[in-house]
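**Student:** The chain contents come next:
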Amino acid sequence: MQEQQDFKHRHFAHCESGVMSLMVSHHGLPLSEAMVFGLSGALMFAYIPFVKLGGMPLIAYRSRPRSIIKGLQKTLGIKMKMHTFSNPSKGMATLDALLQQGHVVGAQSSVFWLPYFPPEMRFHFNAHNLIIVGKEGDDYLISDPVFESSQRCATEDLKKARFVKGMMAPKGLIYYPLAVPDHIDYQRILPAVIKRNAKAMLKTPVPIAGIRGIRALARSITRLSGKDPRQARLFLGHIVRMQEEIGTGGAGFRFIYASFLQEAGRLLDNNRGLESASREMTIVGDQWREFALLAVTTIRKKRNDKMNFSALTEKLLHVAAAEAEVYQRILKIRFTCL
Amino acid sequence: MVPQDNISTYADNKKAVYATDRSGNYNVIASSGWEIEEEATLQAVREMERLAREAYVLAARGEYSPLFFHMYNRRMDIQVLAEATGLFKWRIKRHFKPVVFDRLSEKILARYSDALGISRQKLCSLPQQNRNL
Chain A
1 MQEQQDFKHR HFAHCESGVM SLMVSHHGLP LSEAMVFGLS GALMFAYIPF VKLGGMPLIA
61 YRSRPRSIIK GLQKTLGIKM KMHTFSNPSK GMATLDALLQ QGHVVGAQSS VFWLPYFPPE
121 MRFHFNAHNL IIVGKEGDDY LISDPVFESS QRCATEDLKK ARFVKGMMAP KGLIYYPLAV
181 PDHIDYQRIL PAVIKRNAKA MLKTPVPIAG IRGIRALARS ITRLSGKDPR QARLFLGHIV
241 RMQEEIGTGG AGFRFIYASF LQEAGRLLDN NRGLESASRE MTIVGDQWRE FALLAVTTIR
301 KKRNDKMNFS ALTEKLLHVA AAEAEVYQRI LKIRFTCL
Chain B
1 MVPQDNISTY ADNKKAVYAT DRSGNYNVIA SSGWEIEEEA TLQAVREMER LAREAYVLAA
61 RGEYSPLFFH MYNRRMDIQV LAEATGLFKW RIKRHFKPVV FDRLSEKILA RYSDALGISR
121 QKLCSLPQQN RNL
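In the order they appear, the protein sequences are chains A and B. Numbering-wise (my numbering), the first sequence opens with residue 1 and increments by one. Numbering-wise (my numbering), the second sequence opens with residue 1 and increments by one.
These aren't lab readings, by the way, just hints derived from the structure by calculation. Beta carbons: idealized from backbone N, C-alpha and C, even for Gly. Don't take every hint at face value.
Just so you have them, the derived chain B footprint on chain A, three or more residues with Cβ under 8 angstroms [said to hold, decoys possible]: (1) 22 to 28; (2) 231 to 244.
Just so you have them, the derived chain B footprint on chain A, three or more residues with Cβ under 8 angstroms [stated by the list, open to error]: (3) 75 to 87; (4) 100 to 108; (5) 119 to 131.
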């Protein structure tokens with residue numbers, strides 16, 4: 001078996017949006033990663049203290065795993081085939097059969113069990129996405145969009161990574177498009193998804209999602225002053241890792257979305273509102289970065305120096321306010337075609 | 001400004017990031033990492049190494065079973081191990097006692113060795129020195 005003929009690997013910021021961009025483009029609908037991310041309304045924030053990842057609360061800067069695949073289906077009318085398996089051998093056999101038929105196949109996997117990840121990045125995170133583009137001997141040929149070049153993975157390792165059990169277990173999920181539209185009515189779709197996403201960030205019914213979630217996280221930092229300093233340091237480091245390292249990081253998602261807003265503005269007759277929203281979102285991304293910088297400087301403090309938690313809280317509340325303002329402006333944008 | 005700090009945790013890999021050029025247009029740029037991210041990653045890695053080291057000492061002294069060490073050495077905690085094996089946390093905690101662990105059935109041992117990705121023989125012993133991964 002060989003690599004599917006005309007498949008082109010590309011390097012992207014985030015796994016799920018990268019995979020979907022590569023796959024639908026391969027099927028004849030060229031969509032940038034930023035477009036995929038924006039069209040599926042994936043920009044989010046959630047701080048869920050009662051769900052723990054490695055003993056630390058879940059902090060997410062985007063919508064939940066698989067929502068990009070599903071969101072894109074819904075918005076664009078792409079038809080996806082999605083399989084999960086209870087039997088790993090069957091899951092591997094189905095994958096082989098699909099490759100034989102010439103498909104490129106999206107797959108969910110664990111990060112920890114993929115040997116091509118750098119050792120220091122191997123954590124138990126089970127919602128990574130990649131594309132399998134062929135098989136050579138015992139190795140699968142993999143296009144993993146968060147890597148610069150194509151990768152290889154031995155059969156046993158891929159099997160382990162696809163069938164790991166636990167939180168967000170992939171259950172061997174594989175997926176590929178059955179039908180892709182050849183035309184997208186951007187004039188109609190873009191204004192709707194952009195406003196829907198802004199509303200979702202501003203008007204969440206729960207106090208742990210959207211802008212309210214950012215504020216909740218800011219408040220929980222204030223409470224660290226009463227906690228064990230080592231735990232406090234680990235918590236701050238955890239926030240920064242969720243923000244900068246995992247996926248693309250929270251700030252990274254703000255920049256992707258800014259890129260999406262720019263592209264959307266150009267598609268909608270150079271909509272000025274969107275262009276300035278893109279610039280403002282870039283500034284918000286920069287502010288998230290400043291927050292990460294401040295958090296790490298706080299961690300660095302010597303044992304006897306007091307960590308200044310209230311400065312961090314203040315910075316984060318500032319970020320929340322700036323981000324909220326961008327969404328409020330977006331809701332006021334006028335689209336000529338609406 | 002895209003950071004290019006050549007951070008150790010990327011092991012010579014690059015991450016694609018979105019950034020604007022001088023005229024404000026967005027592009028995808030390969031970044032060799034930001035040292036702030038590196039510090040946060042290393043903090044987490046070191047914490048896991050510390051847990052594995054402490055577990056190694058306790059297991060070497062015979063106060064805990066080798067399972068206790070192997071769990072941390074695989075960067076897991078009881079929560080993750082419970083999910084990966086399908087065993088209750090309280091059962092896993094019992095299996096940290098050497099007397100209980102020594103009498104485990106082959107079936108349970110197989111579940112552990114499968115979840116941890118190590119052989120049954122490795123699971124029931126400690127490595128010569130505590131090396132990570």
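**Student:** Indicate, hint by hint, whether the structure satisfies it.
**Tutor:** Hints, verified against the model:
With 0 residues bearing a CB less than 8 angstroms from a CB of chain B, the region 22 to 28 of chain A misses the requirement of three and the coverage assertion fails. Coverage of the region 231 to 244 of chain A by chain B holds in this model, with 7 residues showing a Cβ closer than 8 angstroms to a Cβ of that chain against a need of three. Counting residues of the region 75 to 87 of chain A whose CB lies closer than 8 angstroms to any CB of chain B gives 0, so the stated coverage by that chain is violated, three being the minimum. Here's how the region 100 to 108 of chain A fares: 0 of its residues keep a CB closer than 8 angstroms to some CB of chain B, so the rule of at least three is not met and the hint is violated.
Remark: the region 119 to 131 of chain A is confirmed as covered by chain B, as 6 of its residues place a Cβ nearer than 8 angstroms to a Cβ of that chain, reaching the required three.
The structure is inconsistent with the numbered hints 1, 3, 4, although it conforms to all the rest.
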